[in-house]
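Those protein sequence lines, which keep their order, are chains Y and B.
1 is the number of the first residue of the first sequence in our numbering; add one for each residue after it.
1 is the number of the first residue of the second sequence in our numbering; add one for each residue after it.
Honestly, I wouldn't trust all of these hints.
Each pair may be met inside one copy or between any two copies, as identical chains are not told apart.
Only pairs whose alpha carbons sit at most 20 Å apart, straight line, appear in this in silico SDA-like list of lysine to any residue [said to hold, decoys possible]:
| no. | residue 1 | residue 2 |
| --- | --- | --- |
| 1 | Lys76 | Glu118 |
| 2 | Lys58 | His95 |
| 3 | Lys76 | Phe254 |
| 4 | Lys113 | Gln241 |
| 5 | Lys113 | Ser174 |
| 6 | Lys113 | Glu272 |
Hints in this document: simulated from the structure, not taken from any laboratory.
Here the structure is a predicted model, which is why all the values come from computation and not from measurement.
Protein chains: 2
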Amino acid sequence: MAGMNKLRGVLSPVLTPFNADYSVSASRFIGHCRTLIKLNVGLAVFGTNSEANSLSVKEKRQLLDLLVEEGLPAGKMMPGTGCCAVSDSIELTRHAVSAGCAGVLMLPPFYYKGVSDEGLFRNYATVIDTIADARLRIYLYHIPHVTQVGIGFDLIERLLKAYPDTVAGIKDSSGDWNHTLALINRFQPDGFDVFAGSEPFLLQTLRHGGAGCITATGNVNAAAIARLNATWNDDTADSQQQELDTVRNIFQKFPMIPAMKSAIARQTGTPEWSILRPPLVELTEDQARQLQHDLSAIDFHPNELSDTLAS
Amino acid sequence: MAGMNKLRGVLSPVLTPFNADYSVSASRFIGHCRTLIKLNVGLAVFGTNSEANSLSVKEKRQLLDLLVEEGLPAGKMMPGTGCCAVSDSIELTRHAVSAGCAGVLMLPPFYYKGVSDEGLFRNYATVIDTIADARLRIYLYHIPHVTQVGIGFDLIERLLKAYPDTVAGIKDSSGDWNHTLALINRFQPDGFDVFAGSEPFLLQTLRHGGAGCITATGNVNAAAIARLNATWNDDTADSQQQELDTVRNIFQKFPMIPAMKSAIARQTGTPEWSILRPPLVELTEDQARQLQHDLSAIDFHPNELSDTLAS
């Protein structure tokens, strides 16, 4: 895979804004994507924090088409395309390749539990063989506390052996640094890009040769996370990481997706930003007040473009 | 709900037959549905044992259309329509109502874990309010070891209060008889139909006033299970239940879906019946041999029409 223009650095599972009737707000979605791109954060649209599994295949296809039509750079996109049904994963993945996306982030099928590596291998192999397009780059998505179906080392090895040009990396959302480190040590030397699942592990990931991070908090603290990625060799790196952690820790005290949406709703003066599709729900009024209090205490405001672009 | 022609008795999550390229075999699907209907087993198509979450929304719509076109009785159908995305659940549920199905069996959205009852209530309420059709009958699907998202008593109570004419019952696949009994005692007197999730609990369910069972093994032992349902007041009931359990215990020693497909493949002389979509896989050769050995030892053959229809 040497010489490929591969995705590295910071990406964010882009929050999906809804209207009161639970339809997607296309205009706010595009606006938010534009902000992230300006702040040097790539678009891992349709991730866990995007409520992607609360969107239909058709809705995801339409939104990706819209992004491309609106001139957002497909070369900085890594849409989530892994579904329970391999037929859906094929449709979404093929569509992403056609749109020119740099890669796709693929959950394993997550309905059935206790499935075998053979079954998971067949799932990915069926997608790759059916699409049969040299442009396809798949990033595996390991998030076992949500899927309950993990992606183990043996499976990665088997996939890399069978599809070395297609299986491009992994997002490790295990939340366990030792697991991320083991992935980097074993697979990164071969060009298999390991992304930490959140920015608390960004500096360590980069120092050990990993590719970056794909992080929810990129939706609200994009510029600072991207800055650490760009300057991790500087003397300021450790203190930058500390500052990132301070922000992350506030959001993590609450359900993350509603908390980020609440903060953006307040920052942008758009109450509708707080809306989530069922089964997720917005913060309670008490939680929203507490979040605002905590963020004000550190003078944090989501994605202040004027500040961050000037820096 | 008194006076409604409600589904009762035995239904089966109909196995979905695939071809070698993982496409659905429409002809074998229809044939299998015809067999079950002849044997007095209703069609809970698109259940867990149907590998329904390995099928796309479009595939499920087409298969349901096909069944109706082929003259299978929609009044004996309870398709699974609960998806992760409420937009998908709405589409499939509306389609099932239009097709005249007696009811739908709805999983809760199962990607996000630790979700609130408020979020689950909104999921079902959004489906019901959006479809807004008096013909809609929803059966809740409680299968926590797979979904990791359960349907608790408080949620049922809230749904029944809000939608007494629509929320019609539950399939309890907890595998815990005490849980099924508690559901019957609390909700069945109000006409909320409690179905056991498998036939080992059929006799107890009927004796306590429950509605029947929706069971995987209905795919292979349809006639005998339906017979117990019809004759549970007879002196033979306990020995019938024992015989059902003997068969069930054999299939349960193996992964259930591949085991049932293997038995049907052998019985019908159609090796393709053994195929499963990823992430599930067929039995190993050793497992298939062992299953055949165990079934031969009790002289069991899946759905022998000549025998069962004559009785």
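Status of each hint after checking the structure:
In this assembly of identical chains, the alpha carbons of Lys76 and Glu118 never lie at most 20 Å apart, being 32 Å within a copy and 36 Å across copies at closest. Taking the shortest Cα distances, Lys58 and His95 sit within 20 Å of each other both inside one copy (11 Å) and across copies (16 Å). Taking identical chains as interchangeable, the C-alpha atoms of Lys76 and Phe254 are never at most 20 Å apart, the minima being 29 Å within one chain and 46 Å between chains. Taking the shortest Cα distances, Lys113 and Gln241 never come within 20 Å of each other, neither inside one copy (36 Å) nor across copies (29 Å).
For a Cα distance limit of 20 Å, the shortest separation of Lys113 from Ser174 qualifies both inside one copy, at 17 Å, and across copies, at 15 Å. Taking CA atoms no more than 20 Å apart as the test, Lys113 paired with Glu272 passes in neither setting, with 36 Å inside one copy and 24 Å between copies.
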